[in-house]
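> Sequence:
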Amino acid sequence: MATDAVNPIPRFPAGFLWGVSTSAHQIEGAADEREASVWDVFTAEPGRVKDGTTAAVACDHYHRYREDVALLAGLGVDAYRFSVSWPRVNSPGGLDFYDRLVDELCTAGVRPVPTLFHWDLPASLDWLERDTAARFADHVSVVAERLGDRVTKWITLNEPAEHTLLGHALGAHAPGKQLFFDALPVAHHQLLAHGLAVQALRAAGATDIGIANSHGPTWPASAEPADLEAAGFYDLLLNRMFAEPIVLGAYPEGIGDLMPGDVSADLKVISEPIDWYGINYYAPTRVGAPQGTEIEFGGLTMPAELPFSVREIEDRPVTDFGWPVVPEGLTELLTTFRNRYGDRLPPIVITENGCSYEGVDDQDRIAYLDGHVRALHAALESGVDVRGYFVWSLMDNFEWAEGYARRFGLVHVDYETQRRTPKASYQWFRDVLRAQR
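Our numbering numbers the first residue of the sequence shown as 105 and each following residue consecutively.
Since the hints were derived computationally from the structure, they do not count as laboratory data.
Here are the computed distance ranges between Cβ atoms for each label pair: (1) 336 with 283: 20 to 28 Å; (2) 328 with 525: 45 to 53 Å; (3) 443 with 531: 33 to 41 Å; (4) 485 with 195: 41 to 49 Å; (5) 210 with 328: 50 to 58 Å; (6) 177 with 361: 44 to 52 Å; (7) 358 with 330: 13 to 21 Å; (8) 211 with 520: 26 to 34 Å; (9) 307 with 489: 24 to 32 Å; (10) 330 with 521: 51 to 59 Å; (11) 409 with 462: 32 to 40 Å; (12) 249 with 332: 43 to 51 Å.
Ideal Cβ positions, reconstructed from N, Cα and C, are used throughout, including at glycine.
With the hints as extra help, turn the sequences into a complete structure.
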């Protein structure tokens, strides 16, 4: 794969926000300086992480944040999306770290964009319990009071769909529960937590609030009715169920009846107006009727009990993670959302987009990002209101159940020495940003 050196990246509108993303558990390390999260418990269990590693040290960002902010400044991004560890905030001196980080970012001219929950739930809490949503709102208030004088752009939750599916339905991620459809309360309580967080941030004076939901086009395996039905259900479960309560104030038909509590009252909270809608995009998913056997897809074993099966997308290059590279899927997704939700859809920010490849001379990553940025511009040209784009990720990191086997970073990290080495993709993105100024 080679990037197009002849045609430069098209110009994006003035004020378009360019950034990179990370998350606390994946880079911070210093696990002994905070209380435990569900991920600490999960990774301590043998066999949970493929290479047997933990995030106890990770990239040691907690101690090396100044070096990492210097990399951000050298890259020339407008903004840095990081996450605030709830377990660290609960620990003595935890908020002091984020105070220092935000100060360092502001001094470097990089806008801080914190995500208030990125999967690292305190080990003492459980999303199956409704009270966790209220506890999250308290956490948000504490963080906003401390950082709100310098932070103006906020993200409530990261990928509640994946946290529900992988962590609570299939057991592939922390906390490792295999509840299948009994995990639906986890989805509802996270969405409720989002709405309560919006209220807490508004009370603290915030005026620029969004969420980072993961979405992708669902492609039916064929035009056969069984495949169409399975694909429609998958799209409902992974896309519509997490978008429509926020955007429309309603669950898709039949889903609300499966949720706990006074759903009508909760939906009024969940649909608190937000200022923009964040989308994490990686690839479409090809879906067909159940096949009665387990299937390996993108490192995940999909059980036969599900009412759909995930199929391979053929004739496409794949990343080192085995994910298909389909840039035009981003254009399709954004235009689908625009057509589906119309004026109810807030402006969009791409809060994550990236790929796993080995090597410092990572030409495949350059080609991937080049294609997706062009696909994003195509969506803009078609009338989709997109306000920003964040690459995942600034640096290689602990990739959840994959351990350190997958490298998503623009910066290579030697985990033994903690040496940071900007990759070819770092230089490429820096040049793209300079051309956009």
